[in-house]
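**Q** Sequence:
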Amino acid sequence: MSPRFHHSKKTRHTQAVFWGGALAALLLLLSLFFPTMRTGLQRRIFITVVHPATKGEEFVRKRIDAAAAALKGRQSVARENDALEMRVAELELREHTHAVLELENERLLALLGRPESRDAVLASVLVYPPDIAPDILIVDAGQEHNVRLEMRVITPGGVLLGRVSEVGLRHSRVTLVSATGNLESVIVAEAGLPVVAEGMGGANLQIVLPK
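Heads up: the sequence shown begins at 462 in our numbering, then just goes up one per residue.
Bear in mind the hints are in silico, worked out from the structure with no lab data behind them. For glycine and all other residues, C-beta sits at the position ideal for the given N, C-alpha and C. Heads up, some of the hints might be wrong.
Label-pair restraints from in silico Cβ distances [unchecked claim]:
1. Leu670 to Arg631: 39 to 49 angstroms
2. Val657 to Val588: 27 to 37 angstroms
3. Leu552 to Leu654: 23 to 33 angstroms
4. Gly662 to Val549: 41 to 51 angstroms
5. Val620 to Arg535: 49 to 59 angstroms
6. Glu605 to Val657: 32 to 42 angstroms
7. Leu630 to Leu670: 35 to 45 angstroms
8. Val588 to Asp526: 49 to 59 angstroms
9. Ala530 to Val588: 44 to 54 angstroms
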């Protein structure tokens with residue numbers, strides 16, 4: 462009968478360690494005597510170790526880029542929605558203001574006891590001194606409302622304020638009769654006397670009586 466030898470787990474482990482150490486020593490010796498082989502081994506070991514980590518970093522970077530792009534898209538949509546909401550609110554306010562002005566126009570015309578004129582334009586004062594230069598007003602009516610240069614500007618009571626000196630799309634500049642050097646033919650209400658009013662600046666007028 463031939464004898465049988467049974468290797469224990471400890472023996473197999475010892476052999477594995479031995480052969481592993483021998484292989485490592487052999488690779489070290491080869492790398493010392495053959496530099497080109499050492500470079501190749503280092504390159505292969507480096508690639509083997511680093512490549513999985515690089516792939517993991519690339520995966521994480523792609524996920525981060527995708528999340529950033531999605532966030533940027535949501536922010537862009539949010540800004541567009543905000544802009545649309547502001548535009549809608551502006552249009553609603555303009556429509557409401559237009560309706561209020563039409564009612565006010567009808568009320569003023571009724572108080573004045575005269576029918577509506579196609580040349581009459583109702584406007585509100587937006588800016589006046591001291592927030593602007595003296596003897597200047599800015600009103601909320603312009604080319605869209607058929608305002609033209611040199612149109613006379615009067616109060617609801619029929620008092621002349623001045624003339625349109627500059628017309629914009631939705632706003633106009635009014636130069637008051639009191640502006641320096643301005644001359645206007647007016648009538649003194651109590652006497653019914655026609656005179657010339659000369660602007661002296663700062664809301665001051667000088668009346669020139671006819672000779």
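**Q** Which of the numbered hints above does this structure break?
**A** 3
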